[in-house]
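Protein chains in written order, with the working numbering: chain A, 869 to 1469; chain B, 869 to 1469.
Treat the hints with care, since some could be wrong.
If several chains are the same, the list does not tell them apart, and a pair holds so long as it fits within one copy or across any two.
[Said to hold, decoys possible] As a list, the in silico DSBU-like pairs of lysine-lysine whose alpha-carbon atoms are at most 35 Å apart: (1) K956 <-> K1312; (2) K956 <-> K1401; (3) K1295 <-> K1468; (4) K887 <-> K1361.
Treat the hints as calculated values from the structure; they're not laboratory data.
2 protein chains.
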Amino acid sequence: MNPIRERLALLRREMKNEKVDWYYMTGSDYHNSEYVSDYFKICEHFSGFTGENVYFIVGVESAYLWTDGRFFIQAEKELKDTGITLMKMGEENVPTVKEFVKNNIKSGETFAFNGRLISASFGSELEKICEVNNADCINLIDIPEKVWNDRPCKPATEIYVLSEEITGESTESKLDKIRRVMDEENCDYHYLSKLDDIMWILNLRAADIECNPVALSYLIIGKEKAFFFADKKAVNSNVLNYLNSNNIEYREYDHILDALNKDCKDHIISGRVMLDVNSIDVSSYNLIKAAAEIVNKKNPSLYLKSVKNETEIKRLKKAYELDSVCVTKFIYWIKNAIKNETLTEIDAADYIDNLRRKVPGFLDLSFPTISGYGPNGAIVHYSVSEESNAVLKPEGMILVDSGGQYDMGTTDVTRTVSLGPVTDSMKLHYTKTAIGMLTLAKAKFLEGCTGRNLDILCRAPLWNMGVDFKHGTGHGVGFILNVHEGPQNLRWKFLEGMEEAVFKPGMITSDEPGVYIENQYGIRIENIILCVKDVLNEFGQFLGFEHLTYAPLDRDLIDVSILSNTEIDLINEYQASVYEKMKDHLTKEEEEWLKSETAKL
Amino acid sequence: MNPIRERLALLRREMKNEKVDWYYMTGSDYHNSEYVSDYFKICEHFSGFTGENVYFIVGVESAYLWTDGRFFIQAEKELKDTGITLMKMGEENVPTVKEFVKNNIKSGETFAFNGRLISASFGSELEKICEVNNADCINLIDIPEKVWNDRPCKPATEIYVLSEEITGESTESKLDKIRRVMDEENCDYHYLSKLDDIMWILNLRAADIECNPVALSYLIIGKEKAFFFADKKAVNSNVLNYLNSNNIEYREYDHILDALNKDCKDHIISGRVMLDVNSIDVSSYNLIKAAAEIVNKKNPSLYLKSVKNETEIKRLKKAYELDSVCVTKFIYWIKNAIKNETLTEIDAADYIDNLRRKVPGFLDLSFPTISGYGPNGAIVHYSVSEESNAVLKPEGMILVDSGGQYDMGTTDVTRTVSLGPVTDSMKLHYTKTAIGMLTLAKAKFLEGCTGRNLDILCRAPLWNMGVDFKHGTGHGVGFILNVHEGPQNLRWKFLEGMEEAVFKPGMITSDEPGVYIENQYGIRIENIILCVKDVLNEFGQFLGFEHLTYAPLDRDLIDVSILSNTEIDLINEYQASVYEKMKDHLTKEEEEWLKSETAKL
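So here's chain A without its partners, still in its complex pose (with noise of 0.2 Å):
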């Protein structure tokens, strides 16, 4: 029998004990995370799926999965036997979710999940759907936990604390700055489940995700005291000294929800209390909304982390510098070792995930190495397995996207590299996006510009001969923290009531355009740049950005016919810079080598 329709109907015999007709499960943890750890791919579990985006719903007789078009190749085949329906996301007359639960949902049975899973907002509305379908809607049960017999433990990799050096800002600073807009909201409590957050501000790092040094935890913000939740394994004395000497209480992370409800004795949330409600589960919601009054605010930590200090950007530049010496190392030796060996896309991953490794206070990749060659590099999210892996040849060109997390910052960084003879297109659209690339970084502009604003100076050049690329321009970069980060991104469509956020000197953005060319090939050249002021005049003040990212671009890939004097200039400015930065890293051969590379058109 398929394991998974053993799984299954594991499952569904504990529904049955628990009278649930209906169970929905989601990939998400209890923290809204991007990236989750095992313990919460429960959906994985059930179902033999390994992509991403995916929301399940299995019933008495019938399972549905949903996924949207990136992973529909990989769903169908996955979900082979299982007896699973795949329900493809965004198709036409395939139901969302909530259609899905509308419509299926009948009078008398009982819909059912672990509600720590589900958004606040998503929560309310299944729960109004039942009530609406007159059906029972339970949303707190772990079904899962209990059928799931070898199921992974929740990680709980040991805390430790970022000394001032590093970290540039003491957390008795950043629970000032917090609690004062507490203050303007006359806020009595401030609740907080973002990972990312809770570790900024508490100066704290673990390991509980993959690439994503951050602790499962919560952190609950009163007017003088604190509260802070995590598994007790992985809070040391070191820690628990550190967090006294900031009146932060030290909690079980299992009892977050005995804080939050008003029946419990140790109940702490009362008054009015701040939070974001589109990053809280609706079982915490819940509880809070009878506990206290709700005042909807963007976590103030969201901002304040964005904006990078002066220690943080000393140590990001040398980050980067050190991080750009890897890349710099791995396209010599790999336009080199491709004339002689047999490499394979993981060959090359290994390879640049190596020279990381080796550079000091490296910690762990700051995601897994995306290497595409060929037709590859044209799946936007391409994640190498053994059985996708292919084969390198001396001609076209290999995209890979990568980065490091170090004890001086978290680095992400894409080039594309030629490994032999390449096409025109190829070049013209490597032209391009190395136009559009050094463009960005190269603006002027008055405060107050979002990344709506800057967008099209990136994509003008690929727009102009009708190409576009279908994601992001760039997204904010943490500090030894998650490598997409808030609330600043680079993006041009307008949605309805979509909130910006301004650029401000010391934030740091990804500029990273691309040109896809299905079955074919993919270019991406990504580069992480620093806000800065510019000139202050009777016109306001000025912004600008500088490249944190050194790595040279492709001489093979530029054709300079295309280009206009001022783009020469452009990239014969950048890869000079690239030269001196770079020059005092490598060997001999590496230094000659990369002196030509970034020569003068």
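Since the structure of chain A is provided, determine the placement of chain B on it from the hints.
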């Protein structure tokens, strides 16, 4: 005695009769129009202030007039010896109107205004403040009417029908489209007070407001029947027959409030009424709210009329061609005349106005011509008067912003013209302004872009040297209608909750960057551009722009040494197209001059 003091004494006598302690007035008309007829210039009559953006509160012993920074100097001069206190909007420690009302209207006092002149949102706020202060609020009383003896008549110029040959779409078809939206919103009525929307829907025009070919009117659209309110004197039998044939009942303009009032026997409105609460006055709003359920929605005509149809576009192209001939002839004339004659700003304005008057199909100017020489060019909303009228010298630059109303459409164009020697900084700023204007017009972008995406293409050449202009980059333009029209515009600043309109093929917008150096000079270059379809491919539908305006750039103001090859091509291409479009409309001397003016750089 100062005549303003006499008028205020009369106003206060009537206030006493009506037991009103404070009377509030604005510069608006009943339709929230940008420009108003003399009938509505109440603030001007009772204060002597002739500027714009004015709010005026008269108390028993004191009086306060608000305006913004553009008009401080003028207001100080005009309010001298009137006893009226100038309230400088935006200056520190100057309360807003709302703050003033909150702090000064005392318990038991009566605050009054004519609610037909005040927006629903602002009027409701004033009512609430009075309630909190325990003061009475009379929201529908026209005290000026009783004491303004020589008040101009409400305009009632003859209304005329535009044939479908001109408009390209029948009223029947336009009403159909609007009724489809009413159906979607399940509405029984749609109430309109915006004059340009009403004129567009009904294919009617008049001349009630200078430069704006509209009639004071209201329109109520029912599911099958509609009601048009206008002055009896303005409606001839031809118009009556036309209305009849479209199942539109004519009613007297002054009966509009009765039609909204559920206690009047002639009332129309009931059920669900679709209207835009941001464009309705508070008196009408209160009446409708009492009689029906309000469905707040932007007028569908706002969007429909912004996308010009094929007939309109064909006529607009002709209008802009002939209008550009006027501008080209004017430039040739002034550059030569200045050598021999003594000319003033008014002479220049008169000359171009007279050229337009000779164009077949000329109806009116589209706004009073702005003619600013030297430092006057730096005043963005400069309006030349006998007092300010500068004498032109054979040096420096004159800025002329002007346009016409023709039976082919509405035009708007700005050129800055050198009259002799100019400085390097004038040339630098003119050249960068020209490049900004042409770069935006050359943009290619995906459908879905709004003005906030595109604006930076125009500003970048200026921003890159730390210069900005403090006005929008572009606005829509009506078709034989108001020169400023929404919903699309070109601006960069993000305002919380703002709505943005995406560009659609058929929309036209101004493209008008500038540089303003206080007390020295002003530069603005304005073309009108038409949004058109570009390629449709796997990446989506690309859009672009076409120039409608073909008036030459000033060769003497272009500094070739700072231009890249691409930028030189951009200017050469535009100048060549100007010569091609204009050459057959000119005298031999003009044509020869234009040929050398537009020759390749």
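Okay, the hints, checked on the actual structure:
1. K956 <-> K1312: For K956 and K1312, only the inter-copy Cα distance (33 Å) is at most 35 Å; the intra-copy one is 43 Å.
2. K956 <-> K1401: between (46 Å within a copy, 32 Å between copies)
3. K1295 <-> K1468: both (18 Å within a copy, 32 Å between copies)
4. K887 <-> K1361: For K887 and K1361, the Cα distance exceeds 35 Å both inside one copy (45 Å) and across copies (55 Å).
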